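Undergrad: Each chain, written out:
There are 2 protein chains.
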Amino acid sequence: MIKVAVYGYGTVGSGVVEVIDDNNKLISQRIGDEIEVKYILDIRDFPGDKNEKKIVHDINIILDDPEINVICETMGGTKFAYPYTKSALEKGISVCTSNKELVAAYGPELLSIAKKNNCSYLFEASVGGGIPIIRPMNTSLAPEHIEKITGILNGTTNYMLTKMSREGSSYEDVLKEAQDLGYAERNPEADVEGFDACRKIAILASLMTGKTVNYEEIYTEGITKITSKDFEYAKKLKKSIKLLAIAENKDDELTAMVAPFMIGEEHPLNGVNDVFNGVYVTGNMVDDLMFYGRGAGKLPTASAVVSDAIECARNLGRTLDCVWKDEKKTLADRKNKEREFFVRTDAAQKDNALSFFEGLSDVSIDSDEFAFITPKMSEREFDDKIVRLDKVKSVIRVEA
Amino acid sequence: MIKVAVYGYGTVGSGVVEVIDDNNKLISQRIGDEIEVKYILDIRDFPGDKNEKKIVHDINIILDDPEINVICETMGGTKFAYPYTKSALEKGISVCTSNKELVAAYGPELLSIAKKNNCSYLFEASVGGGIPIIRPMNTSLAPEHIEKITGILNGTTNYMLTKMSREGSSYEDVLKEAQDLGYAERNPEADVEGFDACRKIAILASLMTGKTVNYEEIYTEGITKITSKDFEYAKKLKKSIKLLAIAENKDDELTAMVAPFMIGEEHPLNGVNDVFNGVYVTGNMVDDLMFYGRGAGKLPTASAVVSDAIECARNLGRTLDCVWKDEKKTLADRKNKEREFFVRTDAAQKDNALSFFEGLSDVSIDSDEFAFITPKMSEREFDDKIVRLDKVKSVIRVEA
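So the protein sequences, as listed, match chains A and B. Going by our numbering, the first residue of the first sequence is number 1, and it counts up by one from there. Going by our numbering, the first residue of the second sequence is number 1001, and it counts up by one from there.
It is worth saying that the hints were derived from the structure and are not from the lab. Every value quoted in this text rests on a predicted model; they were computed, and no experiment measured them. Heads up, the beta-carbon is just placed ideally off N, CA and C, and yes, glycines get one too. Treat the hints with care, as some may be off.
Stated by the list, open to error - Only pairs whose alpha carbons sit at most 27 angstroms apart, straight line, appear in this in silico DSSO-like list of lysine-lysine:
{"id": "1", "chain 1": "A", "residue 1": "Lys298", "chain 2": "B", "residue 2": "Lys1250"}
{"id": "2", "chain 1": "A", "residue 1": "Lys148", "chain 2": "B", "residue 2": "Lys1298"}
{"id": "3", "chain 1": "B", "residue 1": "Lys1148", "chain 2": "A", "residue 2": "Lys298"}
{"id": "4", "chain 1": "A", "residue 1": "Lys325", "chain 2": "B", "residue 2": "Lys1025"}
{"id": "5", "chain 1": "A", "residue 1": "Lys25", "chain 2": "A", "residue 2": "Lys50"}
{"id": "6", "chain 1": "B", "residue 1": "Lys1238", "chain 2": "A", "residue 2": "Lys163"}
{"id": "7", "chain 1": "B", "residue 1": "Lys1038", "chain 2": "B", "residue 2": "Lys1054"}
{"id": "8", "chain 1": "A", "residue 1": "Lys238", "chain 2": "B", "residue 2": "Lys1054"}
{"id": "9", "chain 1": "B", "residue 1": "Lys1325", "chain 2": "A", "residue 2": "Lys3"}
{"id": "10", "chain 1": "B", "residue 1": "Lys1025", "chain 2": "A", "residue 2": "Lys250"}
{"id": "11", "chain 1": "A", "residue 1": "Lys236", "chain 2": "B", "residue 2": "Lys1025"}
{"id": "12", "chain 1": "A", "residue 1": "Lys163", "chain 2": "B", "residue 2": "Lys1236"}
{"id": "13", "chain 1": "A", "residue 1": "Lys235", "chain 2": "B", "residue 2": "Lys1298"}
{"id": "14", "chain 1": "B", "residue 1": "Lys1325", "chain 2": "A", "residue 2": "Lys148"}
{"id": "15", "chain 1": "B", "residue 1": "Lys1328", "chain 2": "A", "residue 2": "Lys25"}
{"id": "16", "chain 1": "B", "residue 1": "Lys1025", "chain 2": "A", "residue 2": "Lys116"}
Said to hold, decoys possible - Pair ranges (Cβ atoms, derived):
{"id": "17", "chain 1": "A", "residue 1": "Glu358", "chain 2": "B", "residue 2": "Gly1077", "range": "33 to 43 angstroms"}
{"id": "18", "chain 1": "A", "residue 1": "Glu338", "chain 2": "B", "residue 2": "Gly1032", "range": "49 to 59 angstroms"}
{"id": "19", "chain 1": "B", "residue 1": "Asn1118", "chain 2": "A", "residue 2": "Gly92", "range": "46 to 56 angstroms"}
{"id": "20", "chain 1": "A", "residue 1": "Glu52", "chain 2": "B", "residue 2": "Gly1210", "range": "31 to 41 angstroms"}
{"id": "21", "chain 1": "B", "residue 1": "Gly1317", "chain 2": "A", "residue 2": "Asp22", "range": "31 to 41 angstroms"}
{"id": "22", "chain 1": "B", "residue 1": "Ser1361", "chain 2": "A", "residue 2": "Gly264", "range": "28 to 38 angstroms"}
{"id": "23", "chain 1": "B", "residue 1": "Asp1180", "chain 2": "A", "residue 2": "Gly264", "range": "37 to 47 angstroms"}
Start from the sequences, fold in the hints, and give me the full structure.
TA: Written as structure tokens, this is what we have:
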């Protein structure tokens, strides 16, 4: 019998219990052994909840119980999750997590503690919710030099951008709507400023290179400056505007960035709408792949945690290896990256724009402003030139 | 040192050798041991080829060499691949294959021989080329009751349909072009009649249910009757026409079918064009997922074979379990499935059509024919009614 403890009875944690209970027969078959949740760690009580009796407040009840084989950590944050995960791994208990903050901050340390103690630290649910991406990167893509990962990794902002695109709504209106629907937090910063996507691309870039990418070093822009006018242009240009998290590894030079981009209608990520996420991966042998699904939500995320728990149960007493090793990967300067840029400025700036950005394409749709797409140029060159232009209303990168 | 033997030095086999050679350092790192190809089995000689000295003609040289840990079977067909795979597994040597005919015909038997001999039989490359789908179904989706799989599983026909859609070309013209480009065989039957997609959906349906689905029982229609006129309608209806392989499992009733379908612009499979494949999976917890990539081609398919070889190398002496067991799954009658149908007939048939298919939507674009979409009805009801209608030019199912 596989006995599971769940850290945190919030949205994802209660989802984990629900998946293990509702699909119990099937999951037990697939493990080749029965499985049940024995404890749920939470500071709260849940009187009347059907799992009330499984709630414990003391971590040591779990850590001292030799029956516990697997822990699902769905607490979020690092303050408690970090020491509680560490203690479990040190006792040889495998931990599966949905906690991207913890993985981005302490991933390689926790992986190496797991290895020393013949157990596993798995984090499928930390990126892309229910989308299988971490395990495929560790296994299916093991033969690949991964050249580029382009992800729509944040469901909240993708929902907002999809709404703006379809309905012509303003940023403020869709934010309010997303908050009312519970898709966005009252303090939406982590989503709209791109911080959540930044941690996720740091995790993927670490798997891509096998070394630790520090999320704090990744250049990150959010979607707060995107307007309905930008979407009018996007539509005319047959493009969509998406918050992309990009990591590129060419000749062992890694660049990474989170920012809004215009992408063409033909790009497979163009069809990733609403709260869905998509991860577009290019390998040197397999070429282009895309993984698509629900990037958040109780049951999809819980399903990913439980898939990790099943893998741990199938591999008791051994470590499921991760390609990510505890060695720092320094990011190359994003300013060397070349691309096109979409710019909107005052109509009066037309002559300046034409002289600074030689070879630009005029894409203006209104007489009161001048809008253009630059030729391909480095971020450095663009940064140097754009500061000389007055009354810039919008800058959006263009993804090839 | 992991020593690999490759069965068959054709397109995929030579790709396997290329992937292992070109990405050797990386692959060795990820295994934690060096890897090399020791033998290549083929009836032909390859004078001047850089791997000439690795070619052997006698299977026993491979089977009797205790250094061989893993075999990559890329011969295709079953006549030789079946006994050669069986002999390897009986000796405890893991086999990784791209051979869908063999997997569809003998999968469960070979899996159980592997289990008895503490080795593995893996077949990631048998469906979807380079797309990770078999391993995710065995691991990432292990907690899921998979309710439906909808796949674009054949690159040749998808290339042809994409061409017809974009260029208004006829079926005959695109077939010739696909043959000239080497995408289609001189005898294109396996692709255009849907037989290839049928074997692949049989494999996926077996993984979905954990029991063996016989591909010969799956109702299969090809794309040979699709005309450029059908695409005119599709465009007007904001749909595309795709050869879909569908398996649905509701209340343990499994239905499966391969046929051309109209799908809406918003469906994620709508963006799967050219030689790409897509597999859309719905689970009871994770909801909708899609896996997208190159469904064929030397290096993408070889990469999938090598990813399996890496897994075998990481798990020497043990069996990587497969959810597919050796027990027959009987298909439910496809005639109970309900859906809408697109029909084109002679203009003179309008009154008959209106009386047989009450509630139809008239979608005619020409005065010389009558085209309509039926209300949702069972395949049985449709079959009974459509035979009463004369001069039917086209019938295409509509996917919701």
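Undergrad: If a hint holds in the structure, say so; if it does not, say that too.
TA: Do the hints match the structure? See the list:
1. With a C-alpha separation of about 23 angstroms, the suggested pairing of Lys298 of chain A with Lys1250 of chain B holds against the 27 angstroms cut-off.
2. For the suggested pair Lys148 of chain A and Lys1298 of chain B, the alpha carbons sit about 21 angstroms apart, so the restraint of at most 27 angstroms is met.
3. Between Lys1148 of chain B and Lys298 of chain A the alpha-carbon distance is near 21 angstroms, which keeps this suggested pair within the 27 angstroms criterion.
4. Between Lys325 of chain A and Lys1025 of chain B the alpha-carbon distance is near 16 angstroms, which keeps this suggested pair within the 27 angstroms criterion.
5. Between Lys25 of chain A and Lys50 of chain A the alpha-carbon distance is near 19 angstroms, which keeps this suggested pair within the 27 angstroms criterion.
6. Note on Lys1238 of chain B and Lys163 of chain A: the hinted pairing holds, with a Cα-Cα distance of about 21 angstroms set against a maximum of 27 angstroms.
7. For the hint pairing Lys1038 of chain B with Lys1054 of chain B, the CA-to-CA distance comes to about 6 angstroms; that is within 27 angstroms, so the pair holds.
8. A threshold of 27 angstroms between alpha carbons decides the hint, and for Lys238 of chain A with Lys1054 of chain B the separation of about 52 angstroms lies outside it, so the pair is violated.
9. Taken as a hint, the Lys1325 of chain B and Lys3 of chain A pair is honoured in the structure, with Cα atoms around 25 angstroms apart against an allowance of 27 angstroms.
10. For the suggested pair Lys1025 of chain B and Lys250 of chain A, the alpha carbons sit about 17 angstroms apart, so the restraint of at most 27 angstroms is met.
11. Between Lys236 of chain A and Lys1025 of chain B, the direct Cα distance comes to roughly 47 angstroms. Violation of the 27 angstroms bound is thereby established for this hinted pair.
12. Taking the CA atoms of Lys163 of chain A and Lys1236 of chain B, the gap is near 25 angstroms; set against the 27 angstroms cutoff, the hint holds.
13. A C-alpha spacing of about 38 angstroms is found between Lys235 of chain A and Lys1298 of chain B, which places the hinted pair above 27 angstroms, so the restraint is violated.
14. Straight-line distance between C-alpha atoms of Lys1325 of chain B and Lys148 of chain A comes to about 37 angstroms, which puts the hinted pair past the 27 angstroms bound.
15. Between Lys1328 of chain B and Lys25 of chain A, the direct Cα distance comes to roughly 20 angstroms. Compliance with the 27 angstroms bound is thereby established for this hinted pair.
16. Among the hinted pairs, Lys1025 of chain B with Lys116 of chain A is consistent with the structure: their alpha-carbon atoms are about 25 angstroms apart, no more than 27 angstroms.
17. Between Glu358 of chain A and Gly1077 of chain B the beta carbon distance is about 60 angstroms. The supplied range of 33 to 43 angstroms is therefore violated.
18. The supplied range of 49 to 59 angstroms is broken by Glu338 of chain A and Gly1032 of chain B, whose beta-carbon atoms lie about 38 angstroms from each other.
19. Evaluation of the 46 to 56 angstroms hint for Asn1118 of chain B and Gly92 of chain A yields a failure: the beta carbon distance comes to about 25 angstroms.
20. Under the hint 31 to 41 angstroms, the C-beta atoms of Glu52 of chain A and Gly1210 of chain B, about 34 angstroms apart, fit the expected range.
21. Range check, Gly1317 of chain B to Asp22 of chain A: about 35 angstroms between beta-carbon atoms, so the 31 to 41 angstroms window is met.
22. Separation of Ser1361 of chain B from Gly264 of chain A is about 33 angstroms and conforms to the stated range, judged on CB atoms against 28 to 38 angstroms.
23. The hinted range of 37 to 47 angstroms is not satisfied by Asp1180 of chain B and Gly264 of chain A, whose Cβ atoms lie roughly 28 angstroms apart.
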